[in-house]
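Asker: Starting from the known structure of chain P, arrange chains Y and Z on it as the hints suggest.
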Amino acid sequence: MEYKNEIRKITAAEFFPAVVHMKTENWRLVQICATCIEGGYEMSYSFCLRYDMVTLRLEVAEDEEVASITQIYPCAFIQENEAEELFGVKIKTIKPDYKDKLYRIDVETPFKKKE
Amino acid sequence: MAKRSIVPFGPQHPVLPEPVHLDLVLEDETVVQAVPSIGYIHRGLEKLVDKRDFKQYTYIAERICGICSCGHGLGYCMAVEEVMGIEVPERANYLRAIWVEMSRIHSHLLWLGLLADAMGFESLFMESWRLREKILDMFDETAGGRIIHSVNQVGGVQKDMDATMLNHLLEAVKDIESDIKPVVNTFLQDYTVQSRLKGAGVLKKDDAVTLGAVGPMLRASGVEYDVRMLGYGAYKDLTVAPITSTDGDCYGRCEVRLKELFQSFDLIREAIGKIPSGDINVPVKGNPNGEYFMRIEQPRGEAIYYVKGNGTKYLDRFRLRTPTTSNIPPMVEILKGCQLADVPILILTIDPCVSCTER
Amino acid sequence: MNKVSKSPWLLHYDASSCNGCDIEVLDCLTPKYDIERFGIINTGDPFQADILLITGGVNSQTESVVKQIYSQMPEPKVVVAVGICACTGGVFKECYNIKGGIDTVIPVDVYVPGCAARPEAIIDGVVKALSILDAKQAAMSKDGR
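Protein chains in written order, with the working numbering: chain P, 671 to 785; chain Y, 111 to 469; chain Z, 289 to 433.
Calculated lysine-lysine pairs in the DSS-like style (CA-CA distance at most 25 Å, straight line):
hint	chain 1	residue 1	chain 2	residue 2
1	Z	Lys-387	P	Lys-782
2	P	Lys-782	P	Lys-760
3	P	Lys-782	Y	Lys-423
4	Z	Lys-320	Y	Lys-244
If you're looking for bench data, these hints aren't it; they were derived computationally from the structure.
Bound-form chain P, shown alone (with noise of 0.2 Å):
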């Protein structure tokens, strides 16, 4: 395939920056998805210009938290708050969050690693 499709390894402190970055260049956010790893978890961020596709992927500890990207893509708050309620990641200041209430499952975090 000969469209850009690659994964892009960030640190906390480059991902807020990188997310505007995307937002100025007219990146369409087209994906977020959360996976369990040891010891946290890995939250990956699709952007799409043109046919290009472009990941960002952020690695957080549990207990870690993570900055919503809903005012800088307002289209976020889905997937954020199914993140934040299947897996548990801590992502803070949603809007609007709908406090681990989006699917209204009886299990707690059921996709979260169990020891």
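Answerer: Here is chains Y and Z on its own, set in the frame of chain P:
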């Protein structure tokens, strides 16, 4: 001072085949805010990768949604193949493209019927669904199932289409194409239909991009974006061009989907003309190890399949970002300022697929 | 059965299915299968419905909705579980958010298997539901209700 009231919409509502709930904040008859709440069909299918191995999971992926079933199976298999570096035989690629285009026709005809039903235009609803039966019959003949086809597998497809089936398919496409003309005319020319659709729920080009709209919703706002242009599978040899409209209203979205029907007819004919002979699948050895983001164009728009394998037969993570998930924020936006009576039509024009969204 | 004793009204609800059975239920109402020829009409109103067609397994959120719809329907009433998920939970049985079939929540009279259930099977299920409806009606008039 207008009177403010909150009207609940759904989950069980005559216009919706699926449960979704909206709280509509009204000022007199005008909607000022809409708060969506989902979760009625959340099953937790992504979690099932722990219990089913990566080959069995194809069947689960197909059952994420009954309307987009074929595409989900394809997207999942292609993501796994990409991780494992499997080269799929050319004939399988063409068969996949034919089935996916058939499911696009079935999905768009289904949507046109539901739109007509939401307007109260019963005969148009019946006519659209009557045409759709021809495609379902072809699915039945080629794959053995009307709704869930189970044709995809990691490494290719499970079933082949012989020359008789391909001829029947060509005839069915020809029949639908000639029968659909009056339906298209009614949707695009009829005075009543136009008065319900024109100017309703306008989504501007900039807003569509900012809010993350995908598929016909994005294209109706004038953005040329169709993931099939990436040239995955057989699309690298087929003629695809994004179909757009400029107005970004309900009429535009309807127009885009109607034109995509004809594009799918052409694609099926082209694929049948070019289909090579040969194997339809390759044996799969080993387990996936690695990760990949696969994008494909579903009837409702771009869907993203993320697969992360760890070298065992159970995947670490499977994630699906469906088109409707992306289309909910623009839907909430176009609902602001509309009349209460238009709400069902505006919800329908994003072609919501709730079981996909909630998985 | 040679004669339909009543023209029943249907109510359809999706408890948590994949959509496949739902579009097949709708398909039954359209020109090819057309159950309206039996005098059967799809209604959106539980208060006027005789037969409840339910698709998909039940989760904690739809449980109360299903119970409410069921309690709003007037007696006699018949419940038809459409599709294997509504019968037992089907492929979704092991998901964390699925309780199982519809019969874990409300009594079910007719089970229609299939993934997705074919329209012919659904029509057959509705016709079976009709005779159960008749039997329930007869039992009620015997009790003097």
